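Student: Each chain is listed here by its residues.
Protein chains: 2
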Amino acid sequence: MKGDDRSDNASQARGGGEDSHGVGKPAITQTQMMESARNQATFDTSKLSEIIFGSPEAVKIHKKAFQRVEESTGTTDMSKLPARYGNMNREDMLLEGLRAGRAAFHDSLDNGDSTFRYHTQEWVLTNSNPLGLTEVLFRPMIELQGTAEQIAYWTPLSRSGKIIGSYTQTEIGQGTFVAGLETTAVFDKRTDEFVINSPTLSSIKFWPGALGYMSSHTIVIARLIIGEKDYGVHAFIVQLRSLKDWKPLPGIELGDIGLKMAYNGTDNGYAVFNNARIPRSNLLMRFASVSRDGAYTTHPLREKLLYGGMLKGRLAIIRNSAFQLAQALTIATRYSVVRRQGHKQLQQNSVASIMSYKLQHYRLLMLISRAYASLFASLASDSAYQELQKQQANGDHSSLSYTHMVMAGLKAWVTANAADAAEDARKMCGGHGYLMISGLPEIVNSLAATCTFEGENYVMWKQVASYLMKGMAARSLPKDMAYIPSPTYGKRVRCHVSGVDFLHVDNLLYIFQHRAARLITEAYQLLRASRGKGAVQNEDRHDVVLLSAAKAHTELYILQSFREHVTSISGSMPTEVKAVLTRLVRLFALTTIASPLCSSSASFVEDGFLTLNQLGDIRTNIDHLLEELQPDAIALTDAWEFTDASLTSALGCKDGDVYERMMCWIRQLPINVHASENDSVFRDGWEEVIRDFIAGGRGNVTEKARL
Amino acid sequence: MKGDDRSDNASQARGGGEDSHGVGKPAITQTQMMESARNQATFDTSKLSEIIFGSPEAVKIHKKAFQRVEESTGTTDMSKLPARYGNMNREDMLLEGLRAGRAAFHDSLDNGDSTFRYHTQEWVLTNSNPLGLTEVLFRPMIELQGTAEQIAYWTPLSRSGKIIGSYTQTEIGQGTFVAGLETTAVFDKRTDEFVINSPTLSSIKFWPGALGYMSSHTIVIARLIIGEKDYGVHAFIVQLRSLKDWKPLPGIELGDIGLKMAYNGTDNGYAVFNNARIPRSNLLMRFASVSRDGAYTTHPLREKLLYGGMLKGRLAIIRNSAFQLAQALTIATRYSVVRRQGHKQLQQNSVASIMSYKLQHYRLLMLISRAYASLFASLASDSAYQELQKQQANGDHSSLSYTHMVMAGLKAWVTANAADAAEDARKMCGGHGYLMISGLPEIVNSLAATCTFEGENYVMWKQVASYLMKGMAARSLPKDMAYIPSPTYGKRVRCHVSGVDFLHVDNLLYIFQHRAARLITEAYQLLRASRGKGAVQNEDRHDVVLLSAAKAHTELYILQSFREHVTSISGSMPTEVKAVLTRLVRLFALTTIASPLCSSSASFVEDGFLTLNQLGDIRTNIDHLLEELQPDAIALTDAWEFTDASLTSALGCKDGDVYERMMCWIRQLPINVHASENDSVFRDGWEEVIRDFIAGGRGNVTEKARL
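Sequence lines, in order, name chains X and U.
Residue numbering for the first sequence follows our numbering, beginning at 1 and increasing consecutively.
Residue numbering for the second sequence follows our numbering, beginning at 1 and increasing consecutively.
Keep in mind that the hints were calculated from the coordinates and are not lab data.
As the structure is a computational prediction, the values presented were derived from the model and not from experiment.
Copies of the same chain look alike in the list, so a pair counts if it fits in one copy or across any two.
With a cut-off of at most 20 Å between alpha-carbon atoms, the simulated SDA-like pairs for lysine to any residue come out as follows:
hint, residue 1, residue 2
1, Lys491, Phe609
2, Lys80, Gln668
3, Lys491, Leu612
4, Lys358, Arg531
5, Lys244, Glu687
6, Lys491, Asp617
7, Lys47, Lys654
8, Lys247, Glu688
9, Lys358, Ser595
10, Lys247, Ser676
11, Lys244, Arg698
12, Lys247, Arg667
13, Lys304, Asp396
Next up, chain X with everything else stripped away, as it sits in the complex (with noise of 0.2 Å):
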């Protein structure tokens, strides 16, 4: 306690001699942590990639699209800070997120491959960034409702890059229920134009991406009306800016709205229109058309075929999230095997990483087979999908519902699980989790939007729900429902599966029958019994129990589709592949139904169906195949092939080196190389608050209180 506050700590003053320690290593390095723990897998890795993949093929084009990109956009050297972590206001991120868009853009122009369409958040040609919506809404959009002569018209300019497109659905007081936009689009005969207008406060259009500034032109959804009377919403193509000085045309107002949780290479922005006019074949006419005259006619399949046609979006939104999942997985694993932490730490040469705790390989492990179910079942909506669009190209709309249904219920499933799996992921890195160089905090941030955008996920349970009680209330069950045993099913079914007999799929397949037949038969009693309300209404009310049906419902998919996945695998392949997947199917549908850390279980129990015995034997179960895919950790994830760029990670990188990575960028960060120049003194905090408070100082504290 020597020296007095205002003089420096004379003693220290002295630091700093030359008998320094200096910084060391400890005896077993993170690198060689992880080269060992990559080492314990049962399989080949390559393999699994095949799967993940579809092809050999398909995993070297994914590899060399990503090297490309990588490549031409300087980011493949792992000692660079990666730009995004940089000083970056709300402009530069932009910036930013218009460079990542042309490079992949061109890229994808150049191969004409679909590798940016799913594989990572970094060069996704989505909403990260401003030039992906125009390859994935506007031009689909347009070759879904135009003519072919619209088509002939605008995909070129699109598919070329020659005009920038958007789609301007949402407005600022409605976003997932359709029928209440207000945005109108007015006929003016005399001109053979139609007139944009926002008449209220909340029908400024509002969150389209690249709205802001980056689109030339976008799809706005208005209400079509003709004289006095309202058709309802139609699309139109508008362009917002001009094509050679970028500037918004008459009557549109335009701007960003803002910073999010991510997303912020991209400009979602608001538009208010004011007489805004676009001519009369800008209305997309393939559906709907309006004659000079302005006489209206419409396809008596409109809905329809609408409907299907926009489903592609959520296709895209479900495997995204997969690979957005995997992607943080990735990083989790691979941080914790290289991890030391707690009593097992103080054995200094063991290679003993957090892994090794019971709670840490439980959460990845059990999430890792949520990331692959997830993947299998968005592969096979997407065959149902296209089995959809072949039965609609032939005029048959049968398995619309169906389809709608199940793409419904994967997105909010999916997206929900991959969210709430994704911060969990985050959580456990620690607190080293929480910073932006993890690259944790974006993947999360990303796919918290993903339960909301297309669709909320609880609009989205309802679908699925309103198609399940439909499907009680026809004379007979539609297919998918065919498990379902009788319209009384539920009560006093007991569950006679014990011991390793769980393993069995067949059995795991039974158990999410039961608890699905059981859940929606008993949804549809409660409504059944309290008709004479308005259906709607009605529905409304038992908002819950229609909640945890369609759970249910599409919770028995997801295992169907993973272990049909698993099944079809070619003979080809490795046994160790087929058997670690066959693992996952087990872990996944046993966690479900019996983990305390998922949040599913009470359905698979509440009625009596299982016995704590039975409870009993499934956790037995789960730990032996934990014990089992533990060695398989690092490849399991490594099959996702994530590249070090990609996942632009401090704590995620191939090699391991995690401390060495975060001290080698946070050394780089703007804040540190400009203290760095100014004898490690943040100067503007210095001078404009530290100086006087320590004196005592009040200071001006309005002065800059507010930007």
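Given the structure of chain X, go ahead and fit chain U onto it with the hints provided.
Tutor: This is chain U only, laid out in the frame that chain X set:
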């Protein structure tokens, strides 16, 4: 389809005429909807505020303190875009944090109240700004571990702000596990100093708040080494920076660790020590001291006394999390009563908001009941802590392990629940909850941190479980475990409650007790059955089961505290206030037992204690409670007394005028202001990328790809 892709759309260019509708208002405004919702309350909100804050005086003190600080920082005018939503880079955020910290620190100093300990993230004097830790950690640690002489010297300096303190414990390779820390403090007898070093990469001090650039002094936790002997971790005061020019003292490298998910108003930092020297007298010597000639003496109860003292930080986190959750729920509830969506919106003159949808009010009210449960449990643990302090002062440490267990369990439960619940509240605001200006991302991301810092939650659960297992093994159960009927309790017990009897809180307590008793008994039996392995390994193996037991015991404590607090409400309170809180106790308990939206319910039913019919009765009771509580939703959140400035939310302002405020703030965003000065063009994007891109050019893609 007129025009070509290179010229503007001729037809559109005539827009913006005089027949504009402009942007109007719907028949019933959002402020009217808010007023109508607020008027439905069944009780006087100010009375409930008195219960939340403890007394009418406490409410007044709270309100005045907020008023002063908000006025002095110029943040009360809600028509101005709050600074944090402006174009801030890392350094701007830090400056903003300093300004906020200065205002709260001085107000706290002048008025001596504890308002800024708990009640809002915006002004709280904790880790959310660089000046909070001086009061929250630095000074209390000195007062706990320092000698009278040390306290007399350091306390006035830190209390007055003449030095800025921080607390430096965690290292890049080590968080919660203090015994594993590697930083060394070697006694140099020659100079009567300690020499501080970071001997390994993993020993770099990492994460402490305000360590990077803002604190002048810190308490470093390091291994005390005298000669060859390692005496384990001790606390040392280290001056980091010169008070004259703020430069780091010799042998100390300091820096910021970069952007985090939240808490970006402070500089969580790193420190590398390379022979930094401090006087011997800077060792905090109350419980352990080193003499001039290097002799070490320690207090026999050092561990116990340190442990007791460190619980205070957890108290603050628990209370803070309850308030932050209430903040998120205030925003979500307010927006829910002014937001029309879906089919009900089509009835234009109805005031039906999305609050009328079952899933919306169910989720909101359930979470509101959990915010109150968290608050009242936090108050109960406060009392337990004060009791412990009194006893410890008298040399009685017998309550330490109990109090520690209570705080560990509450810390884990309250923070995990608050983080999940705030995220659910955010999702309930649809897409707009994803915007930073909603205020919700900052709350959600701040709460995410609480699950990890000051004791990672899974480690907390393990500590609770350890206490419980020790209690089971003891000759007689500790008082708080006396509800466990026998060491073989569990099998074949049935609950006989039905119908409205589920509303009796005694019955609910009985159900919570049964569950906890069963889970604890089962866990103990499993552990005993697998004895033989080392104790630690054995517990690790059964971590998942132990986790359930620990949660059940903690949830019982929470229900008890909630009930006791409501029972103890003074007779002078209007009966409606007690009535509404009683409904919340019931809703909290019943939804924990039987809501499909709550993850804990499986453990109540898996042993057959409750039948499906009983669950049906419980769900009917929940429905009735929700009907009764719905009119009070706004009042239940208003009562927490958050000012508009402290919510900093475009969705959560008290008047409900959401869409007006959103557009007002958005038009003030720097990117939009800059663009409006540039013909509404984002100039950098147009010039660097877009102009060339739409001309088919590839640009120099690597040009600016990295900062």
